[in-house]
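*Asks:* Numbering follows UniProt numbering, with no gaps: position 24 of the sequence shown is 24.
None of these hints come from the bench; they were simulated from the model.
Wrong hints could be hidden among the right ones.
Straight-line C-alpha distance at most 25 angstroms; calculated DMTMM-like pairs for lysine to aspartate or glutamate [stated by the list, open to error]: (1) K122 - E197; (2) K141 - E209; (3) K176 - E78; (4) K230 - D131.
Computed Cβ-Cβ distance ranges for the label pairs, DEER-style [to be verified]: (5) S129 - S50: 17 to 25 angstroms; (6) N125 - H103: 47 to 55 angstroms; (7) T207 - G37: 33 to 41 angstroms; (8) K122 - S50: 14 to 22 angstroms; (9) E87 - H246: 31 to 39 angstroms; (10) D81 - G232: 52 to 60 angstroms.
All C-beta atoms in this analysis are idealised placements derived from N, C-alpha and C, irrespective of residue type, glycine included.
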Amino acid sequence: MAPNERATPAVDGAADAPRRLRPSEENMAETTSYIDGIGTEMVDIYVGPSKKRFRLYKAKLCTRIPYFDKMFNGTFKEASDNVAYLEEDNPASFDLLADWANHPTTSNSPRWIRELTTIEGKEGNEVASWDPVGFYSLAEKYCLPELQDIIMDVLIQYHKVRNELPSVDFVIRAYKHTSTGSLLTRYCAESIFYVMENATEDDRWSTEEVAPLFRELPTFASEYISVQRKRGIKGAVDPRDASPCHFHTHGRDEPCAGNPKKRKSPGGERCNENKRPRMVELENFSDAVLQDFDFDSFLRQ
Numbered sequence: 001m002a003p004n005e006r007a008t009p010a011v012d013g014a015a016d017a018p019r020r021l022r023p024s025e026e027n028m029a030e031t032t033s034y035i036d037g038i039g040t041e042m043v044d045i046y047v048g049p050s051k052k053r054f055r056l057y058k059a060k061l062c063t064r065i066p067y068f069d070k071m072f073n074g075t076f077k078e079a080s081d082n083v084a085y086l087e088e089d090n091p092a093s094f095d096l097l098a099d100w101a102n103h104p105t106t107s108n109s110p111r112w113i114r115e116l117t118t119i120e121g122k123e124g125n126e127v128a129s130w131d132p133v134g135f136y137s138l139a140e141k142y143c144l145p146e147l148q149d150i151i152m153d154v155l156i157q158y159h160k161v162r163n164e165l166p167s168v169d170f171v172i173r174a175y176k177h178t179s180t181g182s183l184l185t186r187y188c189a190e191s192i193f194y195v196m197e198n199a200t201e202d203d204r205w206s207t208e209e210v211a212p213l214f215r216e217l218p219t220f221a222s223e224y225i226s227v228q229r230k231r232g233i234k235g236a237v238d239p240r241d242a243s244p245c246h247f248h249t250h251g252r253d254e255p256c257a258g259n260p261k262k263r264k265s266p267g268g269e270r271c272n273e274n275k276r277p278r279m280v281e282l283e284n285f286s287d288a289v290l291q292d293f294d295f296d297s298f299l300r301q
């Protein structure tokens, strides 16, 4: 080989040759992966005072919700009968939960929940198609933190589209039906703080409507004060514009259900009470401090 010539790598003729045409081959085995996955065994769950019956696939329900896995696959009476009574739950909210539990999951997309849209209410007004407070409280009750996060994402997006924030009635129900320091109540407290800081006489959150929140819901009062202290001189910020995970239960470096690239496995939920963020500062407010707080003067500011 001459000094200025480069060596030419050998070309594998087989690699460049067109693939040989072949007759098709099919798997003729009687594969039934779908029905094998969900099974044929059913459970009956009677929900609410009216005992609304939900007949659901046992395997699907137990895979998605560990609470029911323990109920129907453990030593409880429900395991032998495949029947359960949840009279304290709301049928409409449980319907949302059952819909979510039976919906297929994938590894590259957030878990699906029913779309939150606008429908016509009983009085002809526009209302949300389902109750976020009821659904969130049920997800919290059955220890489904990923579902809680997805509900918050859907709710906030709905409020953005509708240009809404929680009403006083929404706030009251959120504090009554979810645990102390829940992310839904935090959203409510930050929303009311934002409304009060930017309110005008034409706004629909009047002082007369908001005042009972401070008098009748001590947890709201302490949470509101906590938000006020955190904001300081920076003032109120629209909670709908918060960072994507601001109202999520997961930790800073933990997987996010709303992020397809970082979501948890499509199996059952995992609830770790030690990792669930809590507004610990709320517990530092003693009853005496709240009783001595002059809410009337505070509201007149």
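*Asks:* Okay, T207 versus G37 on CB: inside 33 to 41 angstroms?
*Replies:* Since the Cβ atoms of T207 and G37 sit about 56 angstroms apart, the hinted range of 33 to 41 angstroms is violated.
*Asks:* Is it true that the C-beta distance of E87 to H246 lies inside 31 to 39 angstroms, as the hint says?
*Replies:* holds, 35 angstroms
*Asks:* If you check the beta carbons of N125 and H103, does the distance land in 47 to 55 angstroms?
*Replies:* violated, 30 angstroms
*Asks:* Within a Cα-Cα threshold of 25 angstroms, do K141 and E209 meet the stated pairing?
*Replies:* violated, 29 angstroms
*Asks:* Could one say that the CB atoms of D81 and G232 fall in the range 52 to 60 angstroms?
*Replies:* holds, 57 angstroms
*Asks:* Starting from the hint 17 to 25 angstroms, judge whether the C-beta atoms of S129 and S50 obey it.
*Replies:* holds, 21 angstroms
*Asks:* Okay, K122 versus S50 on CB: inside 14 to 22 angstroms?
*Replies:* holds, 19 angstroms
*Asks:* Are the Cα positions of K176 and E78 separated by 25 angstroms at most?
*Replies:* violated, 29 angstroms
*Asks:* Regarding the pair K230 and D131, is the alpha-carbon distance no greater than 25 angstroms?
*Replies:* Distance ~30 angstroms between K230 and D131 Cα, so the pair is violated.
*Asks:* K122 and E197: Cα distance at most 25 angstroms?
*Replies:* Measuring from Cα to Cα gives roughly 33 angstroms; hence the hint is violated.
Of the numbered hints stated above, those contradicted by the structure are hints 1, 2, 3, 4, 6, 7, listed in ascending order.
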